[in-house]
Amino acid sequence: MLEIEQLTASHPRGRGRVTVISNVTLRVGAGEIVGLVGESGCGKTTLARVITGLHRPDTGSVRVAGTDVHRLRGRHLRAHRRQVQMVFQDPGLSLSPRQATRQAIAEPLRIHRIGDTRSRQQRVDELLGLVGLDPDVGERRPRQLSGGQQQRVAIARALAVAPRLLVCDEPVTALDVSVQAKILNLLCDLRDKLGLACLFISHDLAVVRQLADRIVVMRDGRVVEQGPTTAVTTQPGHPYTRELLAATPTIGLGPRDVAAGRRSEIAEPHSKL
Amino acid sequence: MTAGGRWRGRSASRRTVLVALPLAGFALVGLLAPLLAPADPAATDLAASLSPPSAEHPLGTDQLGRDQLSRILYGARISLTVTAAVLAVSLTVGVLIGTVAGYLGGWVDRVVARVIDMAVSLPGMLVALAVIGVRGPGVQNLVIAMSLWAWAPYARIARARVAGLRDSPHLDALRLLGAGPGRIIGRHLLPPAVAPCLVYASTDVGAIVLGVATLSFLGLGIPPPQAEWGQMLIEGRPYLASAWWLAYPPGIAITVVVFASNLLGERLAIGDERPSILRWVLPTRPRFLRSRNVRPPVTSASASASASASASASASARAAERQPVGPRSAGPSAASAGTLLCVRDLSVAYPHVGGYRRVVADVRYEVRRGRILALVGETGSGKTSAALAPFGLLDPDAVVTGSALLGAGGEARQLVGAGPHERRLVNGRRVGVVFQDSLAALNPLRTIGAHVDEAVRNAGRGGRRDATRRVTEELLRLTGLPDPIGTARAYAHQLSGGMRQRVQIAIALAGEPELLVADEPTSALDVTVQAQLLDLLARLRDELGMAMIIISHDLAVVTRLADEVVVMYAGRTVEAGPVATVIRSPAHPYTRGLLDAVPHPSAVPGTRFRTMPGRSGAGPDDVGGCAFRPRCPIAIAPCADHPPELLTWAPDPGAPASELVAPVLRRVACFAQPAATTRAPGGVGERDGD
Amino acid sequence: MASGYLTRWTLDTVGVLLALSVGTFALVLLARGDPAAMLAATRAGRPATPEQIEAVRVELGLDAPAPVRYLRWLADAVTGDFGLSLRTNTPIGPEIVERIGVTAGLVAGAAVIALVLGVGVGIAGAVLRRGLLRGALRVAALLATSVPAFWLSYLLVLLLALRLRLVPTSGMAGPATWVMPMLVLGLPAAGALSRVVAVTLREALDRPYVLAAQARGSSPLSIVVRDGLPNAAGPILSVAGFTIGTLLVGTVVVEQIFGWPGLGAYFVRAASARDIPALQAAALVLGGGFILANRLADGLQALIDPRLRRTSTIGPRPPRPRRTASFRTEPT
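Chains as they are written, first to last, in full-length UniProt numbering: chain F, 1 to 273; chain Y, 1 to 690; chain A, 1 to 332.
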């Protein structure tokens, strides 16, 4: 579904550019959830923007369902964009504050001129049900919704164009743990029901571990390890993965064991740039 | 939004309408002047010149015998015409230029922004005067002269608004959905750009009316035969002392319109009373790049611990002194020996719809010396209010009741209701606080060192400047910052999130406190940084013997660190006890729900979480009975009656013997908890503590 | 870092001043009527003949193309030579210089009133959280900004000069005559400034770092002085600069009313008579003062705010905080 080959991307900085992704190669199969783990500043958000076509890479290719996103222009690009959709970190910022839920979900249908008013309303009802929102949420604006509800609306809007790949950039980081669990369940359900492929980006290995079929670990713009979830979490090959695993908070370890038994060997990364 | 919020909103909008009334009146009078005026404003009657107000001339006549009231009404018409024309021109031009430039970005935007900046920094009145000076007076020239500078603020506001939205996730999402530039500008950028411009226009009405009057007063606006307020004033000037009716009415008319316009602008501007002039000068608050820091990396978080032996040793010595030597007979109000902070029946309420609304209700917890208490709950559960209320760190509107005793026995100090002076003996000396958003909690204009120095001085530990700075550097080193001298000279925005959080901890430690309160200390941080900070807190507790309250929404985070946990839901405590036993056998369905939400290390990928239905966010008094009942899988009949009390709960029979004699009791507030009925004789729960 | 900012600030300021000069010069192009004809008529004392007009045109250099004339005009203006007044046929430069002192004195006095009163009332408005006094201060400030200066002068004349007979109605002969013009000019500015001070200081005092300062036991005075005012200073400085600029412009009205022979009065007289060279000279000086006041205030901001001193770099967007901070449980 998604094939990334030898991808390198950079941001302008001052007079030159800084490379934020170098030589990334990864794949997401149909109906597969791939977890992308790394710390803030490791380039994972840029990768998401490159995949969705919002950011142009320097070299390498991004193919979604066999088509290279960055070779398309204008109308073709817009048509192709229905294949890949993105869910952003802060749902409050990714929704228009002026649009009620129903309008927001119907917006992509209007953009692509799909159906008439009546069939769109039907589709919106379907989508609301699919993401587990009550119909009465339909008339509310984002600010009247909780964070979890906002994220569901954002997911429903992304699903309106029937994408085949969903790129989720830290979709649960802004949410309470109890709400996070519900959104993760929803993503699993959508994969099962719709056969949706999903690239799930997070800094939290614990979350990714329970969700993803495969895990990709990124650091400083490079993929340091990737493989099936159980392999990566039980037999980590790279010291950085081990570091991440050790830092992951889990229930069950007593306070003393953790504080005494484990000290981080890798320093806090502050000066990346 | 609650019913109360709507009510408030309606009352506020009613007041806004009231403020807008004079402007509506102005517009109406301007439109209907020919119908309302009793006489022709230009009709002279020298016989009746300068006659005082009478039935025939309600506002008297001027030196040429013209009816003053009619002239006032027609003056409104002229002002309105010019105002409407100037606003129409400048709003349209300004918003269009600003929106397009803001959307396009790049060099077009930079050029347009520069032009706008220049236009805004030209003095408007002077431009108008100069243009009229060369073109001559008259309505048309007046409109041209005023529009020449009036468009710029609108362009600036619209551009700032659109440029702020250009890279927002909201527009990214629309682009991904396939929206073209036309749709994005027309439907998603213009409306938000127009809204603040309209707010600014409400003040601009006043500015334009004032400008027209001023120009006419100088003889450069509306030429004499026509009635205009400013010009009426200049004509009436020779009769200032004798004919008051010439001097007052036009001035009052101008003042009322301008005042209403200013008031409306302030009301409509975001932040309730933000003057519109601020939007002109600074259309948006400057946004700064976050923490791309300049410090070298930390070599090891723990390496510096030994270097700070002196500071930590003295602190732990002091902590040891405070520690009671043996079991002391505690007073009736203290829960047990070794209790540092004892909170009972703590409620926090905020003003709401003429009354008060509680966000924390009858919460109780105690912090033991040298132990870590975790306050856990979802957003809106009141956990932060419950932890900060004893120290007066809530909004000044908050009403705090109940009791919070710091210390035990005779020297215990009641914190609820303490005055500012008493607070300063506690805050920064006996209690240190670490806030969630470290960037916001540090003053952006002061160096890190200035913050810590101040904390050191407040705690009475400072001396001369360099002595204070030495303590500061020690404190920064103690929290594992590798380069204390350099860090002290840095500003908050130059440090990473983890480093800033360490700085906050250093500030909190300045007074060698007995208690450290940390509000979500690791929530915004990467997991590895989070782990390092949790290690640091654990180390500080061990080395300094300090008690802590850690507030978090994540049970997994606190289990690494805390000794005891208090779980809060809807402003009430639902369960409390030692962390290990609460996690092993949660008694309250909500605690169980929180535990279920934590990802499990050995779960097979794709395993669903068990989740609680419904959503949090209710207040303690929003639902009759137990606030958790609507989401509860095991609710029974009594749950609907009244909120369950927090009762002592015997640990499960399988628990290790040590827990049965543990100093910290398990408590739970649930009617349906089966164990609760067997825990005390007679089936009635014993209420412990007070 | 800091020197980069200074360079940019200087370039910006010069740029705006040049824009002002272009705009001012362009007034000639907008003008109705022929300046040469006006000056020739003034000299002849009656409508001039075509030959006289042509002679004046050549003398003024009006036969050259506009850009050349602009450069000549600018070069002369920088040395203080603004040409001849069309109305009086006398050099403009010396008269401008004479009048600058009058205007500067008036503006200085009004600025003291505006700054002292505005900042004082503003701080009171921010520190008082509620109550009658706060509301009264707010209404008074808004009223002061809303009253037209010329009408305020009437009220003051009626009260202070005619009723109480404390000060003369106009002229500038000694301190007693300074009171009214400075009040008329300063009071509206004080009102506007006090609102800005009150609101920005209130906003600064509602920020989380104030809570953090309370948590480390800082005194209320220290919090207002160290945390509140510096963080409010940016907008306050901006608006203060703007306010002093508007005082300069306000002299146009006030000098006219009270008969002060300053630049403002000169400007109005030139505008009424369509005396274009005089108008340009006055506009350039007043406008330049206005712009400098604004630019100086902006420059001072950077001295206060370390974040502004850094030369801006365009880079990847900063990471957003993961959880939105909630420091206070706000009532809904």
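Calculated from the structure, these hints are not laboratory results.
Just so you know, even glycine gets a beta-carbon here, dropped at the ideal spot from N, CA and C.
Keep in mind that a hint or two might mislead.
[Unchecked claim] In the SDA-like style, the derived pairs of lysine to any residue whose C-alpha atoms are separated by at most 20 angstroms in a straight line are:
id, chain 1, residue 1, chain 2, residue 2
1, F, K193, Y, D395
2, F, K193, Y, V115
3, F, K193, F, R143
4, F, K193, Y, R608
5, F, K193, F, Q99
6, F, K193, F, N23
7, F, K193, Y, G136
[To be verified] Far from chain F, by Cβ distances over 10 angstroms, these chain Y residues were calculated:
id, residue
8, L176
9, G178
10, P191
11, E235
12, Y356
13, L425
14, T559
15, F609
16, G625
17, P630
Cross-check of the supplied hints:
1. K193/F / D395/Y: Violated, because 47 angstroms separates the two Cα atoms, which is more than 20 angstroms.
2. K193/F / V115/Y: Given pair K193/F, V115/Y is violated - Cα atoms ~55 angstroms apart, limit 20 angstroms.
3. K193/F / R143/F: violated, 30 angstroms
4. K193/F / R608/Y: With a Cα-Cα distance of about 14 angstroms, the restraint between K193/F and R608/Y holds, given a limit of 20 angstroms.
5. K193/F / Q99/F: The hint is violated at about 28 angstroms.
6. K193/F / N23/F: Between K193/F and N23/F the Cα gap is close to 34 angstroms, so the pair fails against 20 angstroms, i.e. violated.
7. K193/F / G136/Y: violated, 75 angstroms
8. L176: violated, 6 angstroms
9. G178: Its Cβ does come within 10 angstroms of chain F, the nearest being 4 angstroms, so this is violated.
10. P191: Nearest chain F Cβ is 6 angstroms from P191/Y, so the label is violated.
11. E235: Check passes; 50 angstroms lies beyond 10 angstroms.
12. Y356: The claim stands: Y356/Y keeps its Cβ more than 10 angstroms from every Cβ of chain F (closest is about 23 angstroms).
13. L425: Non-interface label on L425/Y holds, nearest chain F Cβ at 32 angstroms vs cutoff 10 angstroms.
14. T559: violated, 6 angstroms
15. F609: For F609/Y, whose nearest Cβ neighbour in chain F is about 4 angstroms away, the distance does not exceed 10 angstroms, so it is violated.
16. G625: holds, 21 angstroms
17. P630: Its Cβ never comes within 10 angstroms of chain F, the nearest being 14 angstroms, so this holds.
Checked against the numbered hints given earlier, this structure breaks hints 1, 2, 3, 5, 6, 7, 8, 9, 10, 14, 15; the rest are met.
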